[in-house]
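Visitor: So you can see what is in the structure, the chains are spelled out below.
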Amino acid sequence: MNQTIAKKEILPPQSKVALFYLALVLAALIWFTPVITLVLTALKDAGDFARNGAFSLPKSIRWANFGEAWETGVKNYFWNSVIVTGFKVPIGIVIESLAAFALTHMHFKWADRIFTYILIGLIVPMQMTLVPLTLLMNALGLIDTLVGLTILYIGFGVPFGVLVMRGFFRTVPVAIIEAARLDGCSWFRIFYRIALPLALPAVVSLCILDGVATWNEFILAQIFLRSDELRTLPLGLVQFSTQFATQYNQLAAAVLIAVVPIVLVFLFFQRYFVAGMGGAVK
Amino acid sequence: MASEKTATLAPRTSKSAKASDDSLRFLPWLFLAPGLAIYSVVVVYPMVYSSYLSLFRWDGVSPTKVFVGLENYGILLTQNDVFWIALRNNAIWLVAALVLPTSIGLGLAILLNSKFRGSHIFRSIFYFPAVLSLAVVGLIWTWIYHPDLGLLNQVLSAAGLKALTRNWLSDPNIALYPVIIAATWNAVGLPMLLYLAGLQTIPEELHEAAKVEGAGPVRRFLYVTFPLLRETTLVVLAITAINALKAYDIIYAMTNGGPANKTQLLSTWMYFLTYNYNQVGLGTAIAVILFSLTLVFAIPYIRFMTRKT
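Line by line, the protein sequences are chains A and B. Residues in the first sequence are numbered from 1 upward in steps of one, following the numbering used here. Residues in the second sequence are numbered from 1 upward in steps of one, following the numbering used here.
Treat the hints with care, as some may be off.
List of simulated lysine to any residue pairs, SDA-like, C-alpha gap at most 20 Å [what the hints assert, rightly or not]: (1) B:Lys246 <-> B:Leu293; (2) A:Lys109 <-> A:Ala28; (3) A:Lys109 <-> B:Trp29; (4) A:Lys16 <-> B:Leu156; (5) B:Lys211 <-> B:Thr201; (6) B:Lys246 <-> B:Leu149; (7) B:Lys246 <-> A:Ala213; (8) A:Lys16 <-> B:Lys162; (9) B:Lys115 <-> A:Lys59; (10) B:Lys115 <-> A:Ala23; (11) B:Lys65 <-> A:Thr134; (12) B:Lys115 <-> B:Leu100; (13) B:Lys115 <-> A:Ser15; (14) B:Lys246 <-> B:Arg230; (15) B:Lys246 <-> B:Gly216; (16) B:Lys115 <-> B:Pro203; (17) B:Lys262 <-> B:Tyr277; (18) B:Lys262 <-> B:Ser170; (19) A:Lys109 <-> B:Phe26; (20) A:Lys109 <-> B:Met305; (21) A:Lys59 <-> B:Leu149.
Hint data in this document are derived by calculation from the structure and do not stem from the laboratory.
Next up, chain B with everything else stripped away, as it sits in the complex (with noise of 0.2 Å):
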């Protein structure tokens, strides 16, 4: 029957094979163009001009622009204390990225994973988060922590504990890790998703021989499903990252940088550079290690998007 099929369909078939050919030489460049042309002039443009400017000092306005060679990063990397504390709070805010939000996601994700009555409604409960806007996000919390009214010192009053309340943004010391929480409630959604999604690939039948073999709940986790998450872990990890290095809106929300630019993050310091003291080549030398330290995780993430399968 097939041989019979294939027989009558034969000529038909080469000839459209040609003309698909000759089809396929502009038509996918047809259907790409609309696409490729806007996210170049928007996105891919700029990120290269961004890149030529950092090598310029100007201040976004004179019509002159002065070539200084690798000068703004130098400026920067010894004479610009603000950038060292902005890349010291992106590193504090990577690690609490890559631990909180990832460790609780997947602690959810293994205990939502199994369906009893309300998993649902406690799945939509802990990602609901997820889906608010970070100034959003940034707002509610600011209230959390206010120092009179807030519910962070009324409770810690209440429970006795007057002496831990303090005025937890206007600190200097500490008012990075209060925008941290408020940033990990956010971030917790996603992972916790990603490993929903990665859990049901899981066979039941893996976790019942485990178990027929002795294997207790710990072991399980330790032994069957956590190195078939794997993969699920490395988007996550690498999501996540990537994320905690774009934070922005939370922390002109919350805290606009201060106290005293305590909690200044490299992206909030490139757009006070820039458009607040108009040192154009400084802010896109700053835009530059960013992306720089973005692609150390990024690079792997996208070498896995792009696999063959």
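With the rest of the complex left out, here is chain A (with noise of 0.2 Å):
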């Protein structure tokens, strides 16, 4: 019904239609132009790049840029990145789903206090804590380890983990946990039979916004990983770029190599940032 709605509201006559379209496209190309500009230079070899800059169409195609730019560093980075990311959103999905859910069906005095406690993190500049931490990692041993940087990043994920979490456990209905409670259910099994599965698509959305954002992650990495095989991708790019700071094609096809992932996830599950993000701020 909505549909015919909108349909009804913006089909004027043909001309005002191709109009529209027209500045739409024309505005989505200008927008997409740093990733044209990135995808044709990844193509190219060095000489077509010097001649005719970035957007033209590579007058060969040369694939090798990419399998130079692997092996030159960012097989490790890749990695890297892989292990990081993949140890963190499950660990973090576990603990900040189970503090969630305490948060919003375990009514308890103190529930309200301790979410605004867990807020405090979402706002905190990451150059609050840097100090302080180097001298922890340092001391447990933990700088320039990939274990060390995960556990910081499940650290600083909990907040939004919780108040995605959140948002979504305070849709389970209370009628249906009391009910299980009436059945002599205990509150482990609420959790993990009732709560979460109802809160599927909150855990997957997590996953994916969760995943992204340890992807990306710079700052953490750059201030705790010190040798050049440990590094994670974002930090292994610009480092990269400092390095190689004249060979844009292979430059370009690092940063595609870091690229595909995210635009993989982002295409085949759009709907749950937008699901997601929503569960931020309900």
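Starting from two chains that each stand alone, build the complex the way the hints lay out.
Guide: Below, the structure written as structure tokens:
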């Protein structure tokens, strides 16, 4: 019904529609220019790039750029990012949803205050934590380790995760939970047999948002990873760009390798981005 | 029927209610423990300790820290020129972030809210930069601004505006603005998404009614749509402001604070002072100042998020 109303509203005479599309396509093209430039550059050979600049079709497609970038270090960065994201996201989801469940359904006196306490983490500039974390990680021997970085990511992920999961748990009807209690179901069983399955879309959303954020994180990686072979992608790419400043085609290929997993996730799970952000402001 | 059910359930209810009361004394804490523990150690304790360290003169290495009270703050405010450059840049960045991504996001959301053929593709295109890391966004735009090979100068030359071409990221007077444009490209997606969600909650009948009353599209926007997006706008402005003050990676990737420290932000200058110049006291003092600025925008936001519904 909504659809037909909307259609009626925006389907004026033909020429107007054509103009609307033309303007929109033009805007979208301009908006996407940086991405198009990136792809075109990644496919060129160095001479072509130097002669014709970034924004022209490649004379011949040079796939070797990707292989060379991969072998020059991107391989390491890529797998480091996979490892850190692969551990951070699932562990984070478990502890965040446990906490969010307690805050939404296990009515206890301190729930509101704890939630506020956790929300503070959303607004803290990273700089506020760097020096003490450096001391702490040094003392624990976790500087320059992927384990240490993953632990930090899990800690910094708690506020957003709790916020999103709480938003969704609040939509689980209290009646269902009370009914389960009456049937003698333990709180833990209610959590993983009832609340979590009902919040599955939220879990998927959070996995995606969190995965993207972890994949993209820069400053903590910059401070706490020192050796080149441990670098994650964003950090490695910036490093790569200073080392291979003139080899734009390889650098573009490296950036593209870093971006492709994000693009795939974005294409396949797009609606979950919306759902996840919706959960965050509910 | 209802009363019969209640009657049979009554004894069990009271019993289990009592049981759950007992379990609820410690069980919630068990659920909260892992999250609270790691969050407190990784985020909260360092925050508190940073504030404490900002009262000392310390190089980060030597065993003795000299207590100097608020001296670090005094030094920043009176003797540290780059601090003022950074503060000014943060202010410019903040204003730009509150105006550009929010208004572009709102405009796109209104444009793309109606379902027409291809609207989803356009939404994806305009949202896409938001999923890229700021380091990557910085790298891509660095090429666009490249003095010889960059697209921007090439387009300007081709359009006969060669006089306007310049070395965008090396000109100390303007270098901050190209970075802000690049950051805006990345920052538009989130407001767009939030506004799209907000627009979904406005009943179509309201627009129809306003139309019947003879209100044109502009008046409908001003008197129907925008007032109903008040809550969304509050969230959007708060989140954009908080994110703007967090900006760091993109500066690092594009200008590294240069030329001549002209594009430092408080966040990057904190890093320089702490990790390049070993001025831990000054660095943590900047972090505290940055956090206080964030609080101005964050307190209304947090109150909104924790409101009773």
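Visitor: Each hint needs a verdict: does it hold in this structure or not?
Guide: Here's how the hints hold up against the structure:
In summary, the hint linking B:Lys246 to B:Leu293 is supported, as the alpha carbons are separated by about 11 Å, within the 20 Å threshold. The hinted pair formed by A:Lys109 and A:Ala28 fails the criterion: a straight-line CA distance of about 51 Å is larger than 20 Å. Between A:Lys109 and B:Trp29 the alpha-carbon distance is near 11 Å, which keeps this suggested pair within the 20 Å criterion. As the CA atoms of A:Lys16 and B:Leu156 are separated by approximately 31 Å, the hinted pair breaks the 20 Å bound.
For the hint pairing B:Lys211 with B:Thr201, the CA-to-CA distance comes to about 18 Å; that is within 20 Å, so the pair holds. This hinted pair does not check out: B:Lys246 and B:Leu149 have alpha carbons roughly 31 Å apart, beyond 20 Å. The hinted pair formed by B:Lys246 and A:Ala213 meets the criterion: a straight-line CA distance of about 14 Å does not exceed 20 Å. Between A:Lys16 and B:Lys162, the direct Cα distance comes to roughly 36 Å. Violation of the 20 Å bound is thereby established for this hinted pair.
Using a Cα cut-off of 20 Å, the hinted pair B:Lys115 and A:Lys59 is violated, with the two alpha carbons roughly 40 Å apart. Of the supplied pair hints, the one linking B:Lys115 and A:Ala23 holds, its CA atoms being roughly 17 Å apart against a limit of 20 Å. Simply put, B:Lys65 and A:Thr134 have alpha-carbon atoms about 16 Å apart, close enough for the 20 Å limit, and the pair holds. Our distance criterion of 20 Å between C-alpha atoms is broken by B:Lys115 and B:Leu100, whose separation comes to about 25 Å.
A C-alpha spacing of about 19 Å is found between B:Lys115 and A:Ser15, which places the hinted pair at or below 20 Å, so the restraint holds. For the suggested pair B:Lys246 and B:Arg230, the alpha carbons sit about 24 Å apart, so the restraint of at most 20 Å is broken. Using a Cα cut-off of 20 Å, the hinted pair B:Lys246 and B:Gly216 is violated, with the two alpha carbons roughly 40 Å apart. With a CA separation close to 15 Å, the supplied pair B:Lys115 and B:Pro203 stays within the 20 Å bound.
Distance check on the hinted pair: B:Lys262 and B:Tyr277 sit about 18 Å apart at the alpha-carbon level, within 20 Å; holds. A hinted pair counts as satisfied when its Cα atoms are at most 20 Å apart, and B:Lys262 with B:Ser170 qualifies at roughly 10 Å. Of the supplied pair hints, the one linking A:Lys109 and B:Phe26 holds, its CA atoms being roughly 11 Å apart against a limit of 20 Å. At most 20 Å may separate the alpha-carbon atoms for a hinted pair to count; A:Lys109 and B:Met305 meet this at roughly 18 Å.
Straight-line distance between C-alpha atoms of A:Lys59 and B:Leu149 comes to about 17 Å, which keeps the hinted pair within the 20 Å bound.
The structure shown violates the earlier hints numbered 2, 4, 6, 8, 9, 12, 14 and 15.
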